[in-house]
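Which chain is which? The protein sequence lines are H and S, in order.
Under our numbering, the first residue of the first sequence carries the number 1, and numbering increases by one thereafter.
Under our numbering, the first residue of the second sequence carries the number 96, and numbering increases by one thereafter.
Among the clues, some could well be false.
Said to hold, decoys possible - List of simulated lysine to any residue pairs, SDA-like, C-alpha gap at most 25 angstroms:
1. H:K4 to H:E61
2. S:K252 to S:K338
3. S:K338 to H:E61
4. H:K84 to H:R8
5. H:K84 to S:T289
6. H:K84 to S:N98
7. S:K311 to H:G20
8. S:K311 to H:M18
Please keep in mind that the hints were generated in silico from the structure rather than gathered at the bench.
These numbers come from a predicted model, not from an experiment.
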Amino acid sequence: MDTKKIYRHAPDCLPEDMDGEILVYSPSMATTLHLNGPSSIVWGLCTGEHSVADIIEAVTEVYPDQATQVREDIIEVVEGLANKGFLILTSTPSD
Amino acid sequence: MSNWFLEYANVGITLVIESIEAKALVLPALAGLNLTPCERPQGIAITVNGHHQKWQLIDPESDINQTLTKDGDLLYHLTDRIVYHVANKTEGCHCLHAAAVATNQGAAAIIPAESGAGKSSFTAWLVAHGFHYITDELVLINDATKLVGIARPIQIKTRGLLAIKPLLRENETIIFGDFANAVTVSALGGQFATQNQSLGAIVFPNYSKGAEFLFKQITSADAGMRLMSNHVNARNLEGHGFKGIMETVRNNPCYSLEYGGFDTLPPDFAETFANTVNGRC
Chain H
1 MDTKKIYRHA PDCLPEDMDG EILVYSPSMA TTLHLNGPSS IVWGLCTGEH SVADIIEAVT
61 EVYPDQATQV REDIIEVVEG LANKGFLILT STPSD
Chain S
96 MSNWFLEYAN VGITLVIESI EAKALVLPAL AGLNLTPCER PQGIAITVNG HHQKWQLIDP
156 ESDINQTLTK DGDLLYHLTD RIVYHVANKT EGCHCLHAAA VATNQGAAAI IPAESGAGKS
216 SFTAWLVAHG FHYITDELVL INDATKLVGI ARPIQIKTRG LLAIKPLLRE NETIIFGDFA
276 NAVTVSALGG QFATQNQSLG AIVFPNYSKG AEFLFKQITS ADAGMRLMSN HVNARNLEGH
336 GFKGIMETVR NNPCYSLEYG GFDTLPPDFA ETFANTVNGR C
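Can you make the complete structure from the sequences, with help from the hints?
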């Protein structure tokens, strides 16, 4: 994955905080996702302002001993949410 | 021929009953649906004709014309048509694929589950243990958490009959079918709930042979996921009714029930269940 990519929430997605866990519903996909752990962090940071690399960096700061796993997990979560239609690509900024 | 009208959430359906035998079978079995006689068909018309061992069920709106040989199958397929049309057309409230019962204090439990998870059998058990019957298949609930249900005869698959038979009152029988068997509320010694009950709890049952009993509260996120998967008229509602369903889950305790048969339920489970449901009212 090109980690310079920037994603944001698909516009029709409906998030709900359920006692600290996030459920997100996509009417266009008629699908509900349960986000917790890494996926809820990624969801919270995919606001259209941060690249995937930014998100990886931010989470790695919290878990420096797990840098490799963090990168893999975040890329997997972003790709998964994008493939399911919950995240859309905003831009791939140039250097 | 006689016409019998029923309505749920502004969805009107007329049962056009064309034979005396059909009337004798259908009207008592569907006593919980508040059928009222009408001169002419209104809304969606479903026709029932024929006699024992050769019934005919016609639903032109769904292009269905069935010949059925068992009384139980006629009742199953007829009520299935009613459930389908109500769920398909209801816009003003949520339709849930769920059973429901009420306590004698007027609090209701919604019992959502996929087909085969045992919700109808569990509902029959609850009715036999004093809970008032709302539905074994379709709950209609508004955002104020007032609910009604399609109070058809409880439909039990053949594999579940052995467990149900001990619950029947003496000399009461089941209306048999090949696809499903109809168990009336009266056969269980039960009674129908009054309409517009208030929600007290949501319980997700799962019967699995050999499973140990476990009744526990679950997180609202877990309950929200499960309830959305049983939300059958989502596409008729703004935002697919998601926010309303989540609000319902937040405001009511949600539980899962795992059990391996009625003999795995504790002796005082009916009381525990009632206390759980009443706790919110």
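We went through each hint and held it up to the structure:
{"no.": "1", "hint": "H:K4 to H:E61", "verdict": "holds, 18 angstroms"}
{"no.": "2", "hint": "S:K252 to S:K338", "verdict": "violated, 34 angstroms"}
{"no.": "3", "hint": "S:K338 to H:E61", "verdict": "violated, 35 angstroms"}
{"no.": "4", "hint": "H:K84 to H:R8", "verdict": "holds, 13 angstroms"}
{"no.": "5", "hint": "H:K84 to S:T289", "verdict": "violated, 43 angstroms"}
{"no.": "6", "hint": "H:K84 to S:N98", "verdict": "violated, 48 angstroms"}
{"no.": "7", "hint": "S:K311 to H:G20", "verdict": "holds, 20 angstroms"}
{"no.": "8", "hint": "S:K311 to H:M18", "verdict": "holds, 18 angstroms"}
Hint violations for this structure: numbers 2, 3, 5 and 6, all remaining hints satisfied.
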